[in-house]
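**Student:** The chain contents come next:
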Amino acid sequence: MRTDAHAEPFAPASMPMYRSADPLWYKDAVFYQLHVKSFADSNGDGIGDFPGLTAKLDHVSSLGVDCLWLQPMYPSPFKDDGYDISDYVNIHPSYGTLQDFERFLEQAHSRGLRVIIELVLNHTSDQHAWFAEARSSRDNPRRDWYVWSDTDDRYRGVRIIFIDTELSNWAWDPVSKSYYWHRFFSHQPDLNYDNPAVRDEVWQVMKFWLDLGVDGFRVDAVPYLVEREGTSCENLPETHDVLKELRAKLDAHFTGRVLLAEANMWPEDVRPYFGNGDEFHMSFHFPIMPRIFMALRLEDRKPLIDIIERTPSIPDTCQWAIFLRNHDELTLEMVTEIERQYMWDEYAKDPRARINLGIRRRLATLMEGDRRRVQLMSGLLMSLPGSPIMYYGDEIGMGDNMYLGDRNSVRTPMQWSNGVNAGFSNADPERLWLPLVSNALYGYQAVNVDSQQRNPTSLLNWTRRLIEVRRSTRVFGRGSIEFLKPANHRVLAFTRTLGRERALVVCNLAGTAQVAELDLSALAGAIPIEMFGGSIFPRIGREPYPVMIGPYDFYWFRLRWL
Amino acid sequence: MIQQIADALVQSWQNFATAFALFVPRLIAATIIFGVGFLVALIFRRLIHQLLVSLHFDRVTHRIGANEMLRNAGMPAAELLIAKIVFWIVWIGFMLSAVDTLQFAPFQGLVDEFFRFVPRFLVALLVFTLGFLIGNFLWRATLLAAVSAGVPGARLLSGSLRILVIGIGVVMALEQLGLATGVVLTAFAITFGALMLGAAIAFGLGGRDAAKQLLERQFRNSRDRDSDAAPHL
Amino acid sequence: MAVGQVDVLVGLPTLNNAATVVNIAKAIHVSFTRDLPRLRTVIINSDAGSTDGTPELIRDASFEHGDMVQTSHSLRTMHRVVTPYHGIPGKNTALQSLFAAAVLTQAETLVVIDPAGPATTAERVTELITPIWRAEVEFLAPRYRRHPRDGALVTQLVRPLVRAVYGVELDEPLGAEFACSGRFASHCLEQDIWQQDAATFAIDLWLRTEAIAHGLTIGQIWRPPTASAAPTTLRQAVRQILLSLLVALRAHESFWHTASDAVKLPTWGDDRTKCPGAAEWDHVALAVQAQHDISEIRPLLEGVLDPAVLSRLVDEIGATDPRLDDELWVRIVYDFLGASNRGSAGMDHLADMFVPIYMWRAARFMSFTAHEPDDVAQTRLNTLCDAFLRLKPLLVNSWTVEV
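Protein chains in written order, with our numbering: chain A, 4 to 565; chain P, 28 to 260; chain E, 180 to 582.
Please note that a few of the clues may not be correct.
List time: in silico DSSO-like cross-link candidates among lysine-lysine, alpha-carbon distance up to 27 Å [what the hints assert, rightly or not]: (1) E:571 / A:305; (2) A:180 / A:30; (3) A:82 / A:180; (4) A:488 / E:205; (5) A:247 / A:210.
Hints in this document: simulated from the structure, not taken from any laboratory.
Please construct the entire structure, taking both the sequences and the accompanying hints into account.
**Tutor:** Below is the structure:
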């Protein structure tokens with residue numbers, strides 16, 4: 004029996020009515036990703052905007068999330084859903100004005116919500132003024148702001164990212180009669196980070212938004228900043244130098260801001276982007292994501308444990324960002340060929356669901372509308388190491404529309420009610436920038452915030468409860484993870500430890516009831532307290548601890564020594 | 028005087044008539060018992076025969092070699108033979124009972140004697156049968172084992188063993204029947220002892236060298252006989 | 180069992196196989212990870228009490244690193260269960276354990292690998308699994324390239340007899356390796372064979388004949404030749420095989436009485452392996468031994484063989500100009516089989532009686548074909564098969580005749 008000295012109570016975190024002053028707030032935060040244009044339309048033009056978003060902040064706040072991550076809201080020709088930016092220091096008129104943004108920011112902060120925005124460092128739109136100048140003449144001062152070549156022979160062998168649409172990383176500019184480098188779409192010329200002027204200007208862009216009050220940036224496409232002949236032009240040391248320089252400036256001028264890297268690579272390859280705590284604060288852990296889906300389908304914890312055990316340690320001030328779905332396809336880049344084929348065969352039987360090297364479907368449809376599986380996936384997201392990022396609409400189980408082009412299948416308007424246009428907009432339905440999902444299973448008539456708000460047992464309320472429980476302890480955000488490996492591979496069990504705080508998570512990955520015997524002898528004497536209901540489970544002893552668990556169910560236990 | 032003669036004749040006639048009158052019922056009873064006994068014995072014979080046929084007793088007797096032996100001896104098949112034995116046992120029992128009913132003094136107690144004899148007879152039959160079974164089994168087993176081991180004279184060895192075991196069975200059966208037990212036992216002991224003594228002298232003294240060579244050859248043959256199965260599989 | 184439901188169960192019955200078992204286990208592992216990554220699999224080692232550390236080698240073998248390439252990284256948890264089985268050591272006990280495991284895990288496919296056999300590469304393991312997994316066949320038996328003068332017990336007795344009696348052209352009715360559906364494993368587990376003493380050595384043959392009698396789709400797969408199992412004497416082998424045949428025939432009486440023709444079986448794999456040469460053995464000495472032994476047991480044979488058959492046999496043995504009389508051999512075999520059913524002698528005695536008869540036949544065949552080309556010898560084997568088939572009515576009659 005442990006003495007009272009060990010019986011420290013957990014200090015429950017408060018509801019999000021204020022922003023934590025902890026500079027490492029992002030290690031405890033739950034993020035919510037949304038696209039302004041898909042969230043709420045206030046002026047009836049069929050496109051979501053900042054005033055609309057502002058009006059819906061109560062919903063976001065009610066979820067219990069800590070930080071919003073906005074998709075690009077800059078002026079853009081929208082050939083890549085806003086990731087082709089034509090003006091870094093403004094707001095696209097469809098979304099409102101800069102003042103609308105400032106008002107939104109203020110309202111978000113007042114609700115204790117932080118906001119991070121996109122920062123597309125690697126490239127601009129070919130409609131950006133910088134590019135217009137650069138291409139106008141070889142002598143233009145901004146000529147060197149981009150990467151030019153008279154031939155398309157340079158940087159041979161570098162892989163093409165958008166294999167479905169691009170044939171080369173070089174595009175011919177008929178204006179300046181030369182080739183320009185683009186790792187993404189041909190209308191997104193890469194900036195030249197060897198040019199100090201570019202780096203200075205990028206910092207000025209960042210400072211602009213930071214001065215307005217944004218809490219950080221999700222930096223898009225970081226591995227590709229710098230090119231060198233004879234390399235893959237990815238993850239070069241010079242790229243890290245640029246990023247460290249920007250981080251140093253950020254730290255010198257601001258506190259409590261975060262840089263989140265988008266680097267779709269193996270965790271050991273992402274590790275350098277944390278530096279020694281002097282580069283990115285956070286980075287997405289891409290490889291975990293498909294493996295969560297894989298583990299569920301295989302009914303086998305192996306893929307998940309393998310990738311987490313393979314993940315290197317990162318500086319104490321840094322954090323992984325984990326997610327289930329986002330605005331892009333469910334990427335299958337960081338898996339083997341066998342795994343990719345398996346995922347396609349299991350989750351994308353319809354070829355329409357496949358795009359590039361991924362699957363363009365939402366969480367709910369990937370889970371075939373099975374609420375138990377949706378809940379299990381959400382539970383995993385909230386309990387695995389890292390800060391979870393929830394994609395808008397997943398809290399109510401929104402569906403997708405595979406008949407829309409590119410990745411728009413997962414960017415359909417938010418479903419607020421079963422009324423006109425799902426409460427998203429007053430515009431004529433034909434005017435909506437994307438049609439609503441309206442089928443019988445996932446359509447807005449069946450799946451919407453209003454009706455789930457009224458139903459105490461809805462997925463929405465369950466998700467709120469889930470986040471609330473997660474916030475009651477820091478162990479999920481900051482704790483270490485130790486896997487228990489019972490003989491039954493269908494059961495994923497692990498402990499999270501942060502100082503004296505200990506949580507035990509047990510998940511049944513199978514659609515059938517399972518039993519597992521856990522070796523908890525190292526925790527002998529602890530009493531597991533189920534975190535959602537407070538039920539007290541039998542004290543842990545030296546013998547294997549049997550756990551019986553229903554299909555796709557999971558338990559979170561707080562371990563206490565009393 | 029004539030009256031005395033007449034009285035004597037009458038008395039004699041009355042005695043005869045009385046005796047006759049007493050005898051006739053017994054005669055009739057005996058006749059009935061005799062006839063009923065025959066019928067009962069027939070029924071038993073039929074029943075036993077059917078029972079043994081339905082139990083496929085012929086397979087057992089064929090297996091132990093009894094069928095062959097009976098055929099050679101000109102005897103009927105085993106189940107029929109047994110049925111006949113049962114018939115005779117039952118009928119003799121009834122016959123003796125009938126004789127007993129006649130109350131002939133010399134034959135009094137014969138029934139008791141018979142029914143004391145029948146169990147011994149059955150036991151003797153059983154002993155003989157067992158001896159026969161074991162003898163045949165040992166004959167087969169010994170022959171096969173000796174052949175497998177390459178022992179020379181396997182047939183002689185196994186045949187001798189068979190005769191010995193059956194012989195012991197016969198002696199034991201006769202002892203059970205109580206027929207000249209002293210003579211039978213003594214004769215058997217002398218014969219058996221003489222045979223064994225003769226074999227020991229012949230083998231041990233006269234055939235020492237031959238025995239040595241035989242044993243050596245036996246061990247060599249054992250090794251040579253046990254071919255490896257690998258080329259055959 | 181924590182393994183739960185599986186798609187493929189590979190069983191590895193072992194007894195002192197330390198020299199070969201690690202390679203086999205590795206081959207199985209690679210087969211699972213590289214060729215069948217999506218399937219739920221388990222390796223179960225059923226050990227009969229090895230004293231050379233065989234089960235420990237299997238349990239502790241590590242295949243995740245070293246010479247494993249990235250593509251062999253497994254999608255699923257690899258289960259490896261090492262369990263000693265209780266009871267009398269023997270193939271049948273090991274197989275019963277594996278069948279029980281197949282039922283518990285609801286395995287769709289069960290493969291039993293010979294720990295000293297040819298499954299030393301992943302390809303050799305995968306090719307056993309795939310036809311069953313794809314439901315192309317429900318029982319898969321190996322077949323080997325044999326020299327016509329090799330394996331006389333198989334070519335002179337078991338193969339032609341099984342073909343004739345069961346009506347399928349099964350090349351190798353014996354053999355430690357096989358693959359079958361989980362449904363068949365479940366069926367086998369319910370049969371009485373496991374309680375019989377003869378199951379210790381008869382189980383291989385019984386499995387194949389049970390599969391035939393039960394109406395399963397049977398297939399064959401070419402396998403490279405392998406060293407024979409634990410060394411045994413010829414006498415023991417002949418006894419065991421005859422007893423195996425008797426067990427099988429008794430178990431499937433109602434089936435083979437009516438089976439006719441000899442159906443060809445589909446065959447997987449390639450047969451490009453070079454035909455091995457025939458092993459040499461002293462058939463002259465064996466013939467002499469057989470002749471002597473048959474003369475000694477002749478009184479016993481009178482109770483088993485038809486008088487005419489016995490007479491012919493005696494004539495043949497003593498003949499100065501011997502012939503290779505297929506019909507005589509077939510009749511002898513059928514008489515023996517029929518005698519067992521009639522109870523003319525105990526099965527053990529029949530088996531002992533049969534040993535010198537087989538020796539005589541095997542020696543006679545080798546002697547006749549010693550200087551013949553291989554294709555002529557092969558033709559003789561085919562003719563023998565035909566003889567068994569043609570004379571099958573004799574077996575049916577002698578099996579059922581009353582004394």
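**Student:** Could you run down the list of hints and mark each one as holding or not?
**Tutor:** Here is what the structure says about each hint:
Between residue 571 of chain E and residue 305 of chain A the alpha-carbon distance is near 57 Å, which puts this suggested pair outside the 27 Å criterion. Of the pairs offered as hints, the one joining residue 180 of chain A and residue 30 of chain A is violated, with about 49 Å between alpha carbons and a cut-off of 27 Å exceeded. A distance of roughly 23 Å separates the Cα atoms of residue 82 of chain A and residue 180 of chain A; the hinted pair therefore holds under the 27 Å criterion. For the hint pairing residue 488 of chain A with residue 205 of chain E, the CA-to-CA distance comes to about 23 Å; that is within 27 Å, so the pair holds.
Using a Cα cut-off of 27 Å, the hinted pair residue 247 of chain A and residue 210 of chain A holds, with the two alpha carbons roughly 16 Å apart.
In this structure, the hints that do not hold are numbers 1 and 2, in rising order.
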